[in-house]
Amino acid sequence: MRAGLGVRLFACLVALLFVAPTLVVAATSVTSGSMVTFPPKGFSLRWFEEVLTDPEWLTALGNSVQVGLLAAVLAMTAGTSLAFAAARSRFLPPALVTGLAVLPMTVPLVVAGIGFYLVYIRVGLSGNALSLGIAHAVLGLPFVFVNVLAALTGVDRRVEEAARVSGATEAVTLLRITLPLVAPAALVGGVLAFVSSWDEVVVALFLNTPRFRTLPVVMWSQVRSGVEPSISAVATLITLVSLLMAALVLVGPAVVKKVRRRT
Amino acid sequence: MSALSQIQSRTSSPGPQASPAAGSDGRAGRGGGPGGGPARAWRLPRPDFWSGAGLPGLVFVVAAFVVPMAVVVVKSLTDPSPQNYAAIFTSSVYQRSVVDTLEMALVVTALCLLIGYPYAYAMARSGTALRTFLMVALMLAFWTSLLVRTYAWQIVLNDTGIVNTALRDWLGLISAPIHMIRTPFAVYVGMVHVLLPYAVLALFAQLRSIDPDVERAARVMGARPWRVFARITLPLSLPGAVAGGVLVFVLALGFYITPQLLGGARQVYVGQAIMQQIEQFLKPGVGAAMAVLLFVAVLAVLAVAARFVGLGRILGVGMGRRR
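For the protein sequence lines, the chains are A and B, in the order given.
Going left to right, the first sequence walks through residues 250 to 512 as my numbering numbers them.
Going left to right, the second sequence walks through residues -6 to 316 as my numbering numbers them.
Where hints are given, some of them may not hold.
Now the stretches of chain B that chain A is said to cover, found in silico as 3 or more residues with beta-carbon under 8 Å [what the hints assert, rightly or not]:
#1 77 to 89
#2 98 to 105
#3 108 to 115
#4 172 to 181
#5 227 to 240
#6 273 to 286
Stretches of chain B that chain A covers, calculated by requiring three or more beta carbons in the stretch to come under 8 Å of a beta carbon on chain A [stated by the list, open to error]:
#7 45 to 51
#8 195 to 202
#9 214 to 220
Note that these hints are calculated values from the structure, not bench results.
Virtual Cβ for every residue (Gly too), placed ideally from N, Cα, C.
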């Protein structure tokens, strides 16, 4: 049954409200004035230039990329490993493995933040990409796990059995057959883990030190003292990267499949 | 071999899950094979190759997640004592915070379902063009950072923000700005904007799964459109509403960034209260106790809801994006 006109108009209105704030931020970032105004005064990229030449923002950008990549790699490794155990182990109860792998998804970020903070203080691991990277890897792990687990159920076990019959050890079969088959799924999970690390604020606030701050943390500290065109520029950059990654994940696999079918 | 898998299914509760893997076990299990005599049948399942493959992940998740969570629990009981919990339950400040948080989360959930339902309905029951437009708008918002979107609402709702400027300078409707920022209203706007996509995605998935023939049959039998909706579509879409609503509610409970930036000093929600204990009052024990209670509350809500709609459906919504 088709949705009525009223419902469709309402939905369109909500859709505009969905995108309006992001567009407003982007608009205020290209102002040539020195204040956040809407509509912006003139057009210039001076605030992007200012942000991209400011050592504080640049350091934070570098930190964010480091943390994100580390989180993605760790999440991919641990998530894939757990998915193997959940799907194939005859020793570990699958419910236990799945529970452990999915639990980080349910934890509120403030709660996770306190936990990481208390532990890292005790072991003296703080103020670097490693500590926050590990924390973000935990939060990103479920995405990898779920993706790889789904891919594993689609793997034809006879291919693995063929490798075993041909004399490959279990380890070789895992590395040469199973892993390549689920690698795309793991990669998708890794990208998701990167994005969730890229714009994560709460845990990053718990673990930041004056000398180690990520992009969202610096943005947070500036936002609290008011709105500035330079913050809008950073916000726009953060958003562009997130959207690019999301497009990669949402559209990428379909494109790859299409290309593969053609060749 | 079959005996081994029987023990397996007896010792590990999810029997049906264990059996599909049994076919390959002749190769995977080192101790098995056709030569495995009756003596082996009484052995408990032994760690196999795939358990080994899962070991790095298990070690990581235990060391990097389970241990920190355990430390929070220990901290809440020992710094200085379990009195932390008594303090939370007896102090009127904390009680107020809990009540405010529950109220906020319930209002946000209700708003998300009320706004999200027509949106999801329009998406599920319209042509490709409109559906694509609605989906793209949804995804653009969904994948924009929470901090960026909260900042955006700050720009829009400020005393000198877009709404006030429009009302005063362009339309001349008001002479003094309306204070919207640092009020519960701004928090609701910001939080509904952030959480609405989860509700829409859950409802959309459910509405799409309804067989159109069921609605058609009702129409053929003479039911008017609103009656078809009320008696057929709405009841069949309820699981989606439950899944989306529970997810929104649970996420809203622990919010920190949006209320901190858009809310006033009068409402201190639980997420903010936890942060305050650590940052300002330097009482990590109390903060940890509140965190434990928050996590327990979230898990309890999820556990109850899982009985009705399944945990997979709730957590699967908006997979890949967390707040």
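A quick look at each hint next to the structure:
| no. | hint | result |
| --- | --- | --- |
| 1 | 77 to 89 | violated (count 0) |
| 2 | 98 to 105 | violated (count 0) |
| 3 | 108 to 115 | holds (count 5) |
| 4 | 172 to 181 | violated (count 0) |
| 5 | 227 to 240 | violated (count 0) |
| 6 | 273 to 286 | holds (count 5) |
| 7 | 45 to 51 | holds (count 6) |
| 8 | 195 to 202 | violated (count 0) |
| 9 | 214 to 220 | violated (count 1) |
Checked against the numbered hints given earlier, this structure breaks hints 1, 2, 4, 5, 8, 9; the rest are met.
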